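Colleague: Sequence:
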Amino acid sequence: MDYDIDGVVIKINSITQQNELGFTAKSPRWAISFKYKAEQAVTRLLSIAFQVGRTGNVTPVANLEPVLLAGTTVKRASLHNADQIGLLDLHINDHVFVEKGGEIIPKIVGVDRAKREPGSLKAEFITNCPECGTLLVRNEGEANHYCPDYLHCSPQIKGRIEHFISRKAMDIDGLGEETIDLLFSKGLIRNIADLYDLKKEQLVPLERMGEKSAANIIKSINNSFRIPYHRVLFALGIRHVGETVASTLAKEFRSIDELMAADVDKLTNVREIGPKIAGSIVCYFLDQENIEIIIRLKSYGLTFVEKSEAVLSTGLLTGKTIVISGVFKRHTREEYKEIIEKLGGKNSSSISGSTSFVLAGENMGPVKLEKAAGLGIEILDEHAFLRLTGEE
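In terms of my numbering, the sequence shown is residues 333 to 724.
Note that these hints are calculated values from the structure, not bench results. It is possible that some hints are incorrect.
What the hints assert, rightly or not - When the alpha-carbon atoms are kept at most 27 Å apart in a straight line, the in silico DSSO-like pairs for lysine-lysine are as follows:
hint : residue 1 : residue 2
1    : 678       : 583
2    : 358       : 454
3    : 532       : 630
4    : 532       : 551
5    : 583       : 608
6    : 652       : 674
7    : 447       : 500
8    : 598       : 608
9    : 343       : 367
10   : 343       : 407
In this text the structure is predicted, and so the values were computed from the model without any measurement.
Model the full structure from these sequences, guided by the hints.
Modeller: Put into structure tokens, the structure is as follows:
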């Protein structure tokens, strides 16, 4: 072709035969993808940098001699962890083979040892955090090293604030990565609780801010008081506690105080909570600085209790599995997911034979629409769903 493609999909043309063949839980039986072998380039490894993420994970990144690969110039590639560096037996100035994983993410897949320079320096993983100097830790059974000084390591602090304000957490608009970096550098924020002390007059003089932007940020911060307990719990950024785990914890421990009082045994008795997650939760609440941040957030009025209306499910959707697709006017997708759970239903991301119905907004995905039609699954628009739940 006159343009690059990364593969093809081979499928049955006949709709009748497609319906007869049907679907598995995740994919159609009447279509299969064929991926071409990834394009490969050879370049030189110049150095290895180390980046610190919001949970403290330290990721090695290869700095490469620029090379054209699959339509873009590649200068950097992730090396994932210490084991990967050892497996590749990397030396500085090695000639390395680079591919793009999924045609997107550059990765080193091998070394041309025949071209290795005599006396070249073997690549080693660092022992101390590149940002704060703290000795790195690697837990048994984990691939990554991480910096344990999460309360004072600046990339972790800023990363946790970015996580806290994200759409699926506190949903605070107007505070992107650059703005958080600016507020941090000016000393206006040092942790997530500091966001609620911000004043409009502090923001207006800042670079690229102004009256309107500052007012929108303060308004969005004030709007975050309505965020329910399980999302606040997710927003705290406790290591190994994602959206699903946070929701499970909120149902089992109805307030932050109950959760703080739980020991490892009590936590591991909860479905989906293993020793690693339980240990991380207990460690988080053993830190006095974390406790002080939570006390401040409580005093500002954030929700740290599962509200009664969320607890008293009507059971209207008990036993039903619902898939949400499209864009809605009355509620966000996240809010509809919460409504479904409150009414006893289960959310699913993919359509299968066990799907009860699809809640469809505008611009519903054509693949999901076709799959639902093929399986004869009922599709409810926003108004029909709100009538079903009694809201309309």
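Colleague: Compare the structure with each hint and give your call.
Modeller: Verification of the supplied hints:
The straight-line distance between the Cα atoms of residue 678 and residue 583 is roughly 14 Å, inside the 27 Å bound, and the hint therefore holds. Among the hinted pairs, residue 358 with residue 454 is inconsistent with the structure: their alpha-carbon atoms are about 44 Å apart, more than 27 Å. Our distance criterion of 27 Å between C-alpha atoms is met by residue 532 and residue 630, whose separation comes to about 22 Å. Distance check on the hinted pair: residue 532 and residue 551 sit about 10 Å apart at the alpha-carbon level, within 27 Å; holds.
Distance restraint check for residue 583 and residue 608: the Cα-Cα separation of roughly 20 Å lies within the 27 Å cut-off, and the hinted pair is therefore satisfied. With a CA separation close to 12 Å, the supplied pair residue 652 and residue 674 stays within the 27 Å bound. Pair hint residue 447 plus residue 500 does not hold up; C-alpha atoms about 48 Å apart against a cutoff of 27 Å. With a C-alpha separation of about 13 Å, the suggested pairing of residue 598 with residue 608 holds against the 27 Å cut-off.
Taken as a hint, the residue 343 and residue 367 pair is honoured in the structure, with Cα atoms around 14 Å apart against an allowance of 27 Å. Taking the CA atoms of residue 343 and residue 407, the gap is about 38 Å. The hint is violated against a cut of 27 Å.
The structure fails to meet hints 2, 7, 10 from the earlier list, while all remaining hints are met.
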